[in-house]
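Novice: Sequence:
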Amino acid sequence: MDAISYQSRTLRISRPMTWTIAALVAIAATALVWWVGQHVNVIADPLTVPDGSFMRVVRSNLDVVVRKDGELQSVKYIDLISGVEGMNTIRSVVPEGTFVKKGDVVAEIDSSEIKRKVQAALLDVKKAENDFTAAKQQRNIQESKNTADLEAANVELRLAKIDLKSYNEGEYPQKLAEAQRTLEMAKITLRKQEQNLAQTRNLLDRGYVTSTDMEKAQLDRVTAQNDFEKKTTELRVLTDYTHEKEEADKQNKVA
1 MDAISYQSRT LRISRPMTWT IAALVAIAAT ALVWWVGQHV NVIADPLTVP
51 DGSFMRVVRS NLDVVVRKDG ELQSVKYIDL ISGVEGMNTI RSVVPEGTFV
101 KKGDVVAEID SSEIKRKVQA ALLDVKKAEN DFTAAKQQRN IQESKNTADL
151 EAANVELRLA KIDLKSYNEG EYPQKLAEAQ RTLEMAKITL RKQEQNLAQT
201 RNLLDRGYVT STDMEKAQLD RVTAQNDFEK KTTELRVLTD YTHEKEEADK
251 QNKVA
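Throughout the sequence shown, residue numbering follows our numbering, covering 1 to 255 in sequence.
Quick caveat, the hints were computed from the structure, so don't treat them as lab data. Small disclaimer: the values here were computed from a predicted structure and weren't measured. If a hint is listed, it holds; no wrong ones were tucked in.
Taking lysine to any residue and the SDA-like style, the derived pairs with C-alpha atoms no more than 25 Å apart in a straight line are:
(1) K126 with Q138
(2) K230 with R181
(3) K175 with D227
(4) K230 with E244
(5) K253 with D240
(6) K102 with I90
(7) K192 with T223
(8) K250 with S166
(9) K161 with T239
(10) K127 with I114
(11) K175 with L159
Estimated spans, in silico, between C-beta atoms of each pair:
(12) T212 with D163: 49 to 57 Å
(13) G86 with V66: 42 to 50 Å
(14) I114 with V66: 46 to 54 Å
Glycine residues also receive a C-beta, built at the ideal position from the N, C-alpha and C atoms.
From just these sequences and the hints, can you work out the full model?
Specialist: In structure tokens form, the structure reads like this:
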């Protein structure tokens, strides 16, 4: 066991002081012998001496105490170092000179600040765990949404492809054929009205029809001409503008 000393002290004794101590020891020994000779009666047969008339001499230690101011230094000492970072406050420590052994508590450090830091660290860990759980849930939700959006996009793409094919192979050819048919009908009507106008003019010259009939024939011819021009414009708009716009819009949906 080692003695814990919190202040190193060293006792330094000079050679003259050593001789002085030796002289004092010799004087003390002489005085002791004289005192024993004065107070102890040595007899040949101690069994014949009455009680109280003598003292028994026994072997013992002679303690010589010399008082001297100075410092003592431990032969063996151990530095106690706290492994806790930061400033540490000592709450209690064993008294100086106490003998201790391995495993004994020699000092107690104030743990309130450490407990506060530990509690704060635990709260940070808990917050990080909650944030991680929330982020994981949010990721799962986003993945589900992305999957649903992807499926919807695939469906929309298939429908767009079907719509484009239906337009190119069905809707547009049908519209084109209808526009061409109506234009051809307007052309036929215009030709008939021109023939009717020529016949009416011939009959008017011969006196078989009135001027009113002539005016009607002229009006019918103008109406037929306007209708022909309208159908011609509609066909040109369909082929040059409407078709290109609708086809580009539908192709953009499948891109």
